[in-house]
Each structure stands twice: as structure tokens, then as C-alpha cells.
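Asks: Construct the complete structure from the given sequences, taking the supplied hints into account.
Each protein sequence line maps, in turn, to chains B and S. For the first sequence, UniProt numbering begins at 1 and goes up steadily by one. For the second sequence, UniProt numbering begins at 1 and goes up steadily by one.
Any given hint could be a false lead.
Chain B side only, calculated, beta carbon under 7 Å to chain S, not exhaustive [stated by the list, open to error]:
1) 132
2) 155
3) 161
4) 165
5) 169
Just so you know, these hints were derived from the structure itself, not from any lab. Quick reminder that beta carbons are idealized off the backbone N, C-alpha and C, glycines included.
Spelled out, the chains give:
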Amino acid sequence: MAARRALKAVLVDLSGTLHVEDSAVPGAQEALKRLRGAPVTVRFVTNTTKECKRDLLERLTKLGFDIAENEIFTSLTAARNLLEQKQVRPLLLVDDKALPDFTGIATHDPNAVVVGLAPEHFNYEMMNKAFRLILDGAPLIAIHKARYFKKKNGLALGPGPFVTGLEYATGTEATVVGKPEKTFFLEALRGTDCAPEEAVMIGDDCRDDVGGAQNAGMRGILVRTGKYRPADEDKINPAPYLTCENFPEAVEHILEHLLGERE
Amino acid sequence: MAAWARAARALLLDVSGVLYDSGGDGGVPIAGSAEAVRKIKASSLKLRFCTNETQATREKFVKKLQGLGFDISVDEVTAPAPAACRVLKERNLRPHLLVHNDVVPEFAEIDKANPNCVVIGDAADNFSYANLNEAFRVLIGLENPVLISLGRGRYYKETDGLKLDVGAYMKALEYACDIQAEVVGKPAKMFFESALAELGVQPQQAIMIGDDIVNDVGGAQQCGMRALQVRTGKYRPGDENHPRVKPDAYVNNLAEAVDLILQQLHE
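Replies: In C-alpha cells, the structure reads:
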């Protein structure tokens, strides 16, 4: 591997890394403050299909984290950026709670389709509408392709099956915008003037956070909080750059070892 | 039409998109198709209708076509629901049905208590999130999930536009459960073979005429039959550049196909 340049940016996952449900990871607020004392850009990156940035920010602020809205980059932001880049008007099959993240995007006479987790939109009529647009050349953008998720009363279908059905019917492939896609991590760095080799990602999901970031050319640090299960670090090859107990330990490592390197 | 058509002893016709375009109002016949069916019946050729339509029982389906002016009867139709019933009985499978309400009577004699498989058909408006989720939960709760699909079509044409077919939802459940469905309608080999058996002809003596490049044309060719694609129904110009399937000939519609074939037979 080529010599690493000094670290310029730190990407931090939210759920499972800074907090677990409604509790902050012990010491995480302090650690974030220490990280901000270093000459690095900090971005918060997360896969979400439901919560808009405003809701995420509100929760984190309540937990005592010092975060600004424009530091948050989510799979919804990635979808929005892609829409702006392609200059298309989407049919939005996303949860109503996610709509604020698409404010200002024109949706009349749609020529693109965005699929998030929106059971109320996954009826035959709406699926047909999406299908016809895609068949006529509209790009299909998937927030992610999860197969199913767990609800209190049992398992429920995620967006993945519906995206797959539309892909099959139209003979096209969706652009998936969330983690672990390479473009997600590259987009998160946009505007930071920082190359992937100058960035590190901290997260609790070995495949989606660490594997995805390393695949994009960054370093990945796995934390043993949130959804972490023993031996998760063996799930990817190459292995995580580092596995730490928690976010504060990851920050200590960065401050001690990653700032001083020079070419 | 090439000389190979002279070997033809029987024609297999797809229905939706070849005889008529379906729709909420019952649909509209495709110009010249009713007359073409009459010409086939007046000729020496045998005839079988091979449909993947699963929005109605065969009785209702045939009645609708008769109302549109077609000379057709129930015992001339090969359809997926009866084929599925045979499979269910043979393997002692009790289905959870995700199908159109109007095709449910085809499964009247099948035990559906405590399901150990899912049968999916073109359920149209029954393809709601709640219904799909219910089918998903049955499958994911089984030790060996069995998904039987009445076809794998991507879409079909109705009078008010193209509609998603059962294949899209079959794929959704396959992806959700990480399984492979068993298809009993077109393009399954067994389906074409049972139609040929009904006709009493060999594959090389039969020509399939359909609007679906993969399920009609590809499926029939896999069986050793010749196959024509009509430029009606769901046909799109892009079909003519299909990477895997090439019909033995293109025709503008059923009327043209029948005239060309009969011409060859009389030469």
C-alpha cells in the first residue's frame, strides 16, 4: 500500500456508533469535542429511509452532541444529490417523514423514480406508475435494497423486493445510493477537498460502514457497540484497518496516530 | 415466411396481446384476429390457446373472448391454474393463494388449511403491500419455502397501458426470501409439452404465435417448436434486438401470420 497522507476527514456513523437508540455511547460527546479540536473535517453519515436530517439532528442534539445539520450526510441526501446531478424530477416512493429532505426538488411530470421504505406507496397502482416511467427511460434510484426488517409484530418487507421487481419488469438496474455503495462515501466527502485516502470512517456495521469505506479507498474503524457481534471483523477482506471498543477509543487512536503522518 | 412453415400441423396461440388487448372494461379485439381464428379452424391445422392469464377461471375467460367475437371453447385452452393444481395434488402442497379473486374457484378442490407453500398469480389490485407481506411471512416461516408462480411475465398491455405482471412480484418474493420460484405457466417446458400432448403433435409440427419475446417465443423454441412474434400487444421495437431470443419470423399481427402460414401450406 502506498504511504498514507495525513488525515483530513473523519466520517462517523450515527446509530450504534454515537448512540444506541435513545442513549449516547458513554463518553461519545466528549470524544467528539476532542476530535473537533483537531484539524479535520467531521461528517456524520447514515443510511436512513425514514428520518430526514432535521429529525436526526434533533435527536442528537437532545443527547448532547454538538452537530450542525450541514454536517449530516444520509442516503436520502445522496438520492437528492443524484437527482440534482441528473436534473430529473422524481416520483418519490418514500415515507412522508423523509419528504423534508427533498424540499425544493421539482416533482411534477416525473422522469425519475426514487424508492425508499414506503409501504403505503407499494400498491399496484403506484408500482405500475413507477414501472411505466422506468420503461420509458426514467432512472430507478433505490435508497437501499434491504430485504426485510423487524417490526414489533413480525417481519415486514423492505424496499429491496420492490426494487428487484421493478428491475426485473423493466430489464434495468437500480442505482443504489446508500452505504455500502462507493459513491455514497465519495459523495459524503464532496466539498471537503479531501481524497478518500485522507479519510477514515468509524462505524458499527462491518460490511456497510467499514467494508464500504475501505472499498472506496478510505480507512475503516469498526467499533464494538450497536449491532456489533463478536467476530464481525472477520466478515470482510481486507480486514478492518482497526477494531476499537467504542467511539471514544477510535477518536483517541486518530488523535495519537493518524494526524502526524506525512508523505 | 420460409418453407419450414409447410411442416406445420398445429398452431398454438397466445391470447392477450394476440387475440385482444385486455382491460378493465373487458378489452378490445385486435383487428383481424377473430377472422384469423376462423380461418385456422376452417383449415387442416389443429389449434390450441396457450395463455398465462390468471385473472379469471377458464370458463369466465372463454366467455369474455366469445363476447368479443372469438370462436373458442374451454377445452381448447391451456392455462396455468389447472397445471398448478396438478402439482399441488402430486406433492401434497397446501397453498396460501396470492392470486386474483376471480381465479380462486380454480383452486376450490385444493386443501388450503395450514399452508406449506405459496401460489402466486397475476393478482393485479390484490398486489398490495399487506397481501405481499402476508405471502412473505408464510414463506419465511417455512423450513423449505416453496413458491409456485403461474408464469414469469414482466408486464402485459391493457387498454389503458402497460401493467406489471406476476413475474415482477415473483421476483420480489424470491429476493425477499432468497429462494427460486417454480414456474408452471409459460415459459415452462412442461406447460408447452402438455399443450402439444393435447394436440397430439410433435414440437417440430407446431408453431407458437405470441407477443412475448421471452415467454412465448423463447419458451416455445426451447421446446423444439418454431415461434413467431406479433407486433401487437406488449411488443416493443426493442424486442427485435433481444440478446438471447430470436423468433423464426416477425409478423405484424395474427391475421398476417395466419395468411402467410396457410399460403405456405397450399403451395
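Asks: Now look at each hint and say whether the structure bears it out.
Replies: Against the structure, the hints:
Contact between residue 132 of chain B and chain S, as hinted, is supported at the beta carbon level, the nearest pair being about 6 Å apart and thus within 7 Å. Given the 7 Å rule on beta carbons, the hint for residue 155 of chain B holds: about 6 Å separates it from the nearest Cβ of chain S. The criterion of a C-beta within 7 Å of any C-beta in chain S is met by residue 161 of chain B, whose closest approach is roughly 4 Å, and the hint holds. Among the interface hints, the one on residue 165 of chain B holds; its C-beta lies about 4 Å from the nearest C-beta in chain S, closer than the 7 Å criterion.
A least Cβ separation of about 4 Å between residue 169 of chain B and chain S falls short of the 7 Å threshold, and the interface hint therefore holds.
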